[in-house]
Amino acid sequence: MTQTPLTKNITGKGIIDGESPTNLAGFEATGGYQAVRDLVGKMDPADLLQLIKDSNLRGRGGAGFPTGMKWSFVPAPDGRGHRYLIANADEMEPGTFKDRLIMENDPHQLVEGMVLSAYTISADIGYIFIRAEYHRAIAELRAAIEDAEQRGYLGDRIQGSDFSFHLHVHVSAGRYICGEETALLNSLEGKRATPRAKPPFPQVSGLWGRPTIVNNVETLCNISHIAREGADWFQDLGKGSDAGTKLFGASGRVKNPGCWELPMGTSIREILMDHAGGMQDGYQLKGFLPGGASTDFLTPDHLDLPMEYEAIQKAGSRMGTGTMIILDDRACPVGMIANLEKFFARESCGFCTPCREGLPWVRDLLDTIEAGGGKPEDLEILERQATFIGAMGNTHCAHAPGAIEPLSSGLKYFREDFEQHIHDGCCPYASKN
Amino acid sequence: MPTIIVDNQDVVVKDGDNLLQALLSHGYDLPYFCWHPAMGSVGACRQCAVVQYANEDDTRGRIVMSCMTSVVDNARFSLKTENATQFRKSVVENLMLNHPHDCPVCEEGGECHLQDMTIMTGHRDRSYEGQKTTYRNQYLGPFIGHEMNRCITCYRCVRYYQDYAGGHDLNAFGSRDRVFFGRAEPGVLENEFAGNLVEVCPTGVFTDKTFSKHYTRKWDLQSSPTVCQSCSLGCSTYTSERYGELRRVHNRYHHAVNGYFLCDRGRFGAQFVNSDKRLHQAGVRNNHGLYDAKQLNTAIDIARSMISNSASIKGIGSPRASLEANQALRDLVGAGNYANGMSATDQVLHNLLLDVLNSKVPTPSMIATEGFDAVIVLGEDVTNFAPRLALSLRQSTRNRAKELAADAQIPLWHDAAVRGIGQAERSPLMIVTPTEDRLDEVASHRIRLSPDEIARFGEDVSRAIAGAADVSELATEIAGLLKHANRPLVVAGTSLQHSGILQAAVNLASTLFDHNPAAGFFGCAAESNSIGVTLLDNALGMEDILDSKPDTLVVMENDLAPRLGHEFSSRLEGIKNLIVLDHLDNATISVSNLLLPAATFAEAEGTYVNNEGRAQRNFATFKPADTIRPSFELLDALRGATRHAGEIQQAISEQVPALAGILGAAPSEKFRIEGARVARMTHRASGRTAIHANISVHEPRVPVDEDGPMVYSMEGNHADAPSAVRAYSWAPGWNSNQSNHKFQQEVGGADRSGDSGVLLLTGTETLSPGEVNLSNKRLVAEAHIYGTDELSNSAGEISQRVTTPYIRMHTSTAKSLGVETGDGVACEINGAPLEFAVLVDSNYSSTSLGYPLIPATALLRQLDDIELSRLENWTAPKAPGASVITTDRSQ
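Order-wise, the sequence lines are chains L and D.
Residue numbers for the first sequence follow the working numbering, so the first one is 1 and each next one is one higher.
Residue numbers for the second sequence follow the working numbering, so the first one is 434 and each next one is one higher.
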């Protein structure tokens, strides 16, 4: 049993006779679709759900919600219409590139995971909602779906059972907010990509008002492995309190930026020093966003924390997507935050006031400070906006609270940098590069 | 009834309410933008934030949006805690980043919800120093102005226009801080209820163009509660005036009739009061056929001598005039010499409507129709004939979505979620009409039949309900839907002038009622007071009066030309003295011997009975100018009498038992609040005492209102007036119409003083099915929201949207005539040619020819058929609105 189920085919560890996992035969040769053949129509979906619950799998898209529990909120089939399973492949979080790795190199892994997941929740239609820029992944997934249909892993009466599941690739028109699961649903319905107010949750009223589950690609990819190897095996993969492995990544001025499948609970130091190779020569670590752009900064003091949902949360941030963005000592934190807020302000859907109006104001203030035109009062406005935008529930969805995390933590950890910009009337880092 | 704790006070609230609604119902002032009492919550603006505490020990709490929070027993909230007040302040601060500082030149100023909410939150100092976002405005048609820079992106406009009213051409474009609300390209907003945007928008993005052209601040308007004149539904309106000109019409909330919304004909059509065609002077026709203007007294003297020298005097009243005016005419000519001015067909139709009102079969109020879960419309193009009803029937189709939502435990105020789970599922709405219909898009059944076929189809459905097997599958299916509904409703009316359809509809309602006492019938009468004059006196027909060739005929507020069609001239021949009282120049006036300028609804008190038998009092907004007087005053003068409106109301209630209740429609002229009359002007009306300072430095006398309890002044009671005499909706801190809830028993509920008006008919009779007669008419009239109503046609903005004359025909008819859509056809009437554009409609009956009910087709009204011939080299006349649209667009 492999310790890196998600990437074994990609890294070559599971490949037999040099077959490519993107090819159906190659994928099958590594044990692919074994679970579909063995379980669909044979295992009670309720037992499969219990297995997922027991595995303690948590969502890999950023929020870390227990997957089994999420699925258990789907009401029993009422015979009134379709039920949907959606893979959220709209990977647009700055600094995050983990799902892409799987979809481009091992597309059947997602397809197989979706078939088993759909079987568990009795969904009959699936969508892979994928970011338009992922050309190669789109092509690979479409080919994989076609192959899987031909082999009876998808479509009507899968493997001779009563279970039918049709899977479609939907290419997003391209908005970050479409990664928010309910905005994704509105977008799929052809409406403005505005998030919905929850409750009702998609499990009750999702796509076209029907029961729907939206899961991250990486989450869904875990399902076939859990189904095949069991909950205990999956639990044991994790080092600490969280189960399984996770795709971790690092970008910024490290020697070896990349993405690696590691046990849950691997320490940040290990990811940064052993896998990313440490900082590039001449650069010191100043801080990092542990799980993508919409998480709070952590500092070198936090290097020994394990990458686990609770541990990172306790430190004041979120594990998010597990892909770290590194801030070095020669990059301007104000400039970095300004750049991030520019992104988030641009990607606001424009529905609720604090996000629509507040983020552009924050962006403008940060640009002004970075350009040397800031005033001491500007920091008060930034603090005020961060407070009001930052709390979940103050805004319509999680976009603005996430967007403001690098700012509020930046104001906490790098306050002198802000003050120096204002005092000097210029960016003190300009000369350092 | 859950009890919640608000700032340590127990508040008993209504189950199923959201917190915002509950708090407003209890008189709390809590700011909001995106929530609307008729449209529910979406949580966009984040303005109504409060702090919710988990329990007694929780001292921090968390911010929640009150509009998105259900009220549950023992839930604890604070409005006053610092966190909540600061957050609300910051929301307004954010909204103000891009809002221009143009209040002094903005039409919303003084009744702006954004101004009110800004003050309420306490936001004052601005820290934002960046640039404000700007947009290009669009031409949206003759009714509505557009000033996008003022937008605060609350999404109310699109939610109202698309979700509530079913419009397609107003959208939210773009995203982030660049959301644009408008059309894909400039052009007329096509929805018939677009005018409500003016009131739905919390600030000055959408404004009333008919008001803009002679704009006055709300506080300088003199207003009164009025009853819309443009159809039989009797929507409540506020009509406002300054300097002797009608300035605008606003919605007047009525819990049962029109709720929060009006149709565009009602809102903009009242501008006819200012029309160039308005008659200001009494006149007598001289030997040259022209009119000599006369002093009012002189004209009345001449008229009196005409009358005294006549062997016979008869009168034709009007279904668009008040009961008081009709009664005064009846008193002048005597009961046996009065006709109420409806055509013989209309008399039959309205008697039938009255039979239903007098029966046990319930007639719901318009708002109540929204609660019916299966509706069949027989014959009536509701959007074009009784427009406001279409908005309510559209809501009735949402009952299915509400059921699904309730099953999924989604609260009904959660608008997006209810629509989300409902998707395209709708309660059945079955439209059985000759032509396509705006409601088709939400209808379960769109059935196109000729009028005779509609009547037969209605009968088939009745028979299918009764169990007959020899009816079509379709009729059986519809019968099943109606039979199995919790509350089925039959809608029909008079626009097709087909008694068979109406009788079939009545029979159907009565059959349904026998099965299910919750069934209802909603009849659309013809005009604002058709039911009223039917109750008053429906004995003689106007044809009887005309055929008796009286020496003197008094025609009051009634243009006989469209009613008599091609017979107009011949029927009026041989009448020696024709005395006409009316507001606007028309064909009847052009053949009169003496004319007296009559006050409109905006200048005269009057009682009108709407389609459901609700008597409602309309109060004059301002004193009429020149020699214009209320018809009842002029008619009384013709017999040397003087009565104020109240005395006539008294006389009616004594003489006509069915109308005895009208005295209860509104407080009488003796009504006072703490000794004071009710003020028509606002507390801060400026300039009343100096309004004529350019003429005289002396303070003008306050005109006396003998008819009603209101006063033409700001000196009087403002706050405590009961709904029937309330001049405007305005409460401390709530300067806009959003103040409605301050006058309601609960949000969206009845008025605290009771709803204005009184239902006259409480039906007890058993309705027996009548025989359904077919008409065999080939010509079929088509009502048009713009064009069919006589008075609103003279409102400039409405006239821009009246269709050109056309003849609708089936493909086969067109083929036999050798014409296509856009070609011209003609027929000859009274020796003169009449031209029409051809409209080929493959869904139209091959046995019918359709024509629009507009002034240009008046000659067709009484005809059963016409002979058409193709016009060679014909080019369609340009629609009157077209040129205006092109010029305006370039702005």
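Hint data in this document are derived by calculation from the structure and do not stem from the laboratory.
There's no promise every hint is true.
Said to hold, decoys possible - Cross-link-like lysine-lysine pairs, in silico, DSBU-like; alpha carbons within 35 Å at most: (1) Lys1175(D) to Lys314(L); (2) Lys522(D) to Lys375(L); (3) Lys642(D) to Lys191(L); (4) Lys513(D) to Lys198(L); (5) Lys239(L) to Lys191(L); (6) Lys314(L) to Lys642(D); (7) Lys191(L) to Lys1056(D); (8) Lys642(D) to Lys198(L); (9) Lys646(D) to Lys198(L); (10) Lys412(L) to Lys1175(D); (11) Lys314(L) to Lys286(L).
Every value quoted in this text rests on a predicted model; they were computed, and no experiment measured them.
task = Would you check the hint for Lys314(L) and Lys642(D), treating anything up to 35 Å between C-alpha atoms as holding?
result = Not satisfied, since the Cα-Cα distance of roughly 58 Å exceeds 35 Å.
ask   = Hey, Lys191(L) versus Lys1056(D), does the alpha-carbon distance stay inside 35 Å?
value = Not OK: Lys191(L) and Lys1056(D) at ~52 Å, beyond 35 Å, violated.
ask   = Is Lys314(L) within 35 Å of Lys286(L), Cα to Cα?
value = Status holds; Cα separation ~20 Å.
message = Would the hint linking Lys412(L) and Lys1175(D) be met if the CA-CA limit is 35 Å?
response = violated, 46 Å
request  = Given the hint that Lys642(D) pairs with Lys198(L), test it: the Cα-Cα distance must not exceed 35 Å.
outcome  = violated, 40 Å
query = Is it true that the CA of Lys513(D) sits at most 35 Å from the CA of Lys198(L)?
reply = holds, 26 Å
message = Just to be careful, I want the Cα atoms of Lys646(D) and Lys198(L) compared with a cutoff of 35 Å; is the pair within it?
response = Answer violated: Lys646(D) to Lys198(L) is near 45 Å, above 35 Å.
ask   = Quick one, are Lys239(L) and Lys191(L) close enough, alpha carbons at most 35 Å?
value = Violated, at about 43 Å.
request  = Could you grab the alpha-carbon distance between Lys522(D) and Lys375(L) and see if it respects the 35 Å cut-off?
outcome  = holds, 23 Å
ask   = When you check the alpha-carbon spacing of Lys1175(D) and Lys314(L), does it fall within 35 Å?
value = violated, 48 Å
inquiry  = Can you confirm whether the C-alpha distance between Lys642(D) and Lys191(L) stays at or below 35 Å?
reply    = Since the Cα atoms of Lys642(D) and Lys191(L) sit roughly 31 Å apart, the hinted pair holds (cutoff 35 Å).
When the structure is compared with the earlier hints, violations turn up for hints 1, 5, 6, 7, 8, 9 and 10 and for no others.
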